[in-house]
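The task is simple: from the sequences and hints, build the whole structure.
Listed below, chain by chain, are the residues.
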Amino acid sequence: MADVMTRLEPNSRAAARGLSDLSIRNLFIIPTITFLIVFNVFPLIYSLYTGFTDYRASTTAPANWVGLANFRELLSDPFIWRNFTITAKYVVISVTGQVIVGFGLAMLLNRPMALKGLITTLLMLPMMLSPAVVGLFWKLLYDPSFGIINYFLGLGKFEWLADPQMALWAVAMVDIWMWSPFVMLLSLAGLSAVPKHLYEAAEIDRAGPFYTFFRITLPLVAPILMIAIIFRTMEAFKTFDHAYILSSQPTTELIAIRLYKMAFLEWQTGLSSAFAYIVLIVVVAITNIYVKYLNKAKAR
Amino acid sequence: MHRQVCRLMAGAAVIALSAPAAYSQELTIFWAEWDPANYLQELVNEYEAETGVTVTVETTPWQDFQTKAFTEFNARGSAYDMIVGDSQWLGAASEGGHYVDLTEFFQKHNLGEVMAPATVKYYAEYPGNSGKYWAIPAEGDAVGWAYRKDWFEDPAEMEAFKAKYGYDLAPPTTWAQLLDIAEFFHRPDQNRYGVAIYTDNSYDGLVMGVENALFSYGAELGDPSTYQVDGILNSDKAVAALDAYRKLYGFTPPGWSKTFFVENNQAITENLAAMSMNYFAFFPALVNPATNPNAANTGFFANPAGPDGDQFAALGGQGISIVSYSENQEEAFKFLEWFIRDDVQKRWAELGGYTAHAKTLESEEFRKATPYNEAFFQTMFKVKDFWAVPEYAELLTAANQRIYPFVVGGEGTAKEVLDALANDWTETFKKYGRIK
Amino acid sequence: MAEIKTKGEMLFNRGAILAVVVALIIMLTPIYWIAATSFKARNLATTIPPTVVFEPTLAPFAKLFTKRSQLREPVAPEVYEAAPWWEKLIYDGGEQVVRNKKTNEPTSSGFGNRYMNSLIVSIISTFLAVSMGTLTAYGFSRFRVPGEQDWLFFILSTRMLPPVVVAIPMFLMYRAVGLHDTHIGLIILYTAFNLSFAVWIMKGFIDEIPREYEEAALVDGYTRMEAFFKIVLPEALTGIAATAVFCFITAWNEYAFALMMTSKNAQTAPPYIPSQVGSGLSDWTVIASGAFLFLVPVAIFTFLLRNHLLRGMSFGAIRK
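Chains as they are written, first to last, in this note's numbering: chain A, 617 to 916; chain B, 1166 to 1601; chain C, 31 to 350.
Derived from the structure by calculation, the hints contain no laboratory data.
Among the clues, some could well be false.
[Stated by the list, open to error] Over 12 Å on every C-beta distance to chain B, these chain A residues come out as not near it, computed from the model: (1) 643; (2) 687; (3) 709; (4) 730; (5) 785; (6) 813; (7) 905; (8) 909.
[What the hints assert, rightly or not] Derived pair list, reagent style DSBU-like, types lysine-lysine, alpha-carbon separation capped at 30 Å: (9) A/812 - C/260; (10) B/1499 - B/1297; (11) B/1329 - A/773; (12) C/132 - B/1511; (13) C/132 - B/1499; (14) C/37 - A/812; (15) C/97 - B/1511; (16) C/97 - B/1499; (17) C/37 - A/732; (18) B/1533 - B/1596; (19) A/854 - B/1233; (20) B/1233 - B/1297; (21) B/1511 - B/1549; (22) B/1314 - A/773; (23) B/1233 - B/1595; (24) C/260 - A/914; (25) B/1412 - B/1327; (26) B/1601 - B/1402; (27) A/773 - B/1412; (28) A/732 - C/260; (29) C/294 - B/1233; (30) C/294 - B/1499; (31) C/260 - B/1233.
Glycine included, each C-beta is placed from N, C-alpha and C at the ideal position.
Below, the structure is given as structure tokens:
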């Protein structure tokens, strides 16, 4: 029994009553893991296999093994490399934006305030909309002829989406608008966990606001903020709906958009599976780095 | 004895249970979600009244129509008996074994002449000139133009136009005139712009638009029998056509970078542009005063001719095919026999469907029925289409990647773009063994 | 911190409130615009200057729930007069309701059914994901699990594969086992999507709950199960509420799989809302009314949970 229990007194009387800790652990964990394995294993193996074939899901023709040809074709296609660069830029812009806005809002809201519950709920509205609807409406809002953004900001006929350089920022801005509340809510939960006496102690020590923020607030919120960043990064890599609807500029062709075209318009199932595996490897690598930081943040 | 009675009764029960199913036949047609699908449902209700066979038109949003159809094919699903599919699907669907061969049916009913010949070629036949048919032209469609009659007929404008260009302001009959008129009406300071064209490159919008210029300038995408592209796609005519399209882009409203049929109709309803290209299927919304405040002042014309008098338009629309995995193929054939009847095609047109039936199209009654029918009639005899090979979408992607930065971003020259595209397409055809 | 209020602090507080107000305006203007558009007449949706004051109409909602087609000739006055109010609104918009030829019943757009399906699928899958996620998170947080980090990373990784690639094998798998176009199929799918998220977030929260509390309970004669349900769960409510809100939102708005995995019976609402382009002109008011109606349940759900969301982790103080 002792090897199951890590953080509890090994000789506590708990083990004697009810279910043993070992069976509770298994009962709690095994169903989830089994479910996820069963559910994911077929799609994963299937796409790994098709990644080495010339399979097209639009026909009934059998798949032919082509070895590494798909990977070679992808890695030598300059358009694909551009997709990766664009996506990297997009992920950095939108996740950074979300952390700044979301964490900033959480800092502002982390005080006694009238109508706090209502305000928080209202601030969370953007992420409750369906991404496709968000895309459609922002296209309308950005429209130089009858959009309200240019009208209220007095920008005249400013072309948000028609300008190849601006378009990616405009798409990222929508993502920031939509998902900052996610970061905000998680940060808020983290911030409220920072014990008040630490602030009081800092005040007695006449610590400046910067010192308090970087030495007390940030380290304590870091783990939960890190989880928020991990999920937003993973999701940003997969961004499709609103980006696809907003712009068809070559400068905004994110990986997910190219992947969608390859898989469902061109029906290059084999090639797109190979592409997806390359993306998967990249995302796994990035997430791994994040998780290392997360564990370090927790250890502090 | 007793056992036999039991068996008999069991047999009777089975027959009794299966009987209704055998007599109340049901057919399902799959199409995209838009008005013509409603008209088709109305039409097939009449088939039900006549024969007792229930026909349901099932729909899915446009943006997912293609994906949904092919995933269903891939799973060999029998959910749909017939499908009203895009012309470009012919290659993939026939080579993939998803469509039933209709060649015999076609010959028996002489459909090559019953339907407008150009539509048969693109909606039904694959590979080109093979004499094999996979669909029956159902919803004919092509790109035409809408224009603002009130702007064109304003005496002051007419005078100014004549003074500037030396001929009368009227709906253009050539691409040169189209360019002049677009330039003439392009007045950003008055929030009025020359023209609305397709620029969306997420699927086939942009390429459809460019094709209108290309075909009328007398250029071709390539040779459909040999898959030779170099020297055809990048011919001088094609270069001139692409330059013309790029020039037109200069006269579009601001932010015109991802536009397709919705935006182009909006350009007319919102007083943005003097002329707007669009599929005929979307013109009914422009003559309806409730959806278009300028309905009374909206006129229509067919895609103009190029410098050498060639006049063609890019094809839209769909043919109806029988799905190979359907369990009701016999009934489906019976339905198609009914669908191609002269009176049914006439009724189809009355209900709002765009028939490709030659006799109906030519009738005085049809041509007068709406302000755009005359232009539609003219167009349906001179349509051309994109490649229909199974890898058409790869060709489309390459075209989008090359053409878009030139048309919208002004990068490179038309010649460079088409040379590069001809190279891409040749590579793709090589990849699929169509050329050595 | 409670009573002591220096001048600077008050100024800072005022600034914070001002910033919150500005943020509210920025975040809510697009939402307000959608809500307002859903009550506008069609021609007011795209005016410049923007129409801010207008007479609200229910026409967009009447359109949202019915199947319509273009009126090709004006409707006869006696037909118009005999029509119910919502049908008049549709006639006013230049459209007619598609009616069943035999029964003359108006045809529904299916939005109502889709909406119900969305509710069923989202509520059940959220419940499943949150409960399984909480248990698993507790298991990982409190017990020694061989290869803990690897298992956690595996759970996380189930969300990394781009969905377009999983779509085809998933579709085939669902066809093969008969889950295609069923509510259960979608529920399982969304539970799987949300599970990795639920485990990770809940682990983050449960890690913050000090073990001393359970230990004390165990010493007091609670069983491990009782300690979990009576001590840990109440403490984890903030996390559970936040996780539930996020899972519900994900399931509620999922688009791509909902489209591919359903055809008749289990269709959900998100793919329907943006597809109002049947006649080649998007009717912004109908899209807005669909989006607005679709926003309401999530907003209510979130509002009801607001106190849990904001309560924070009260025991964090004892952290080491």
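Item to check | Hint numbers contradicted by this structure | outcome: 18 and 31
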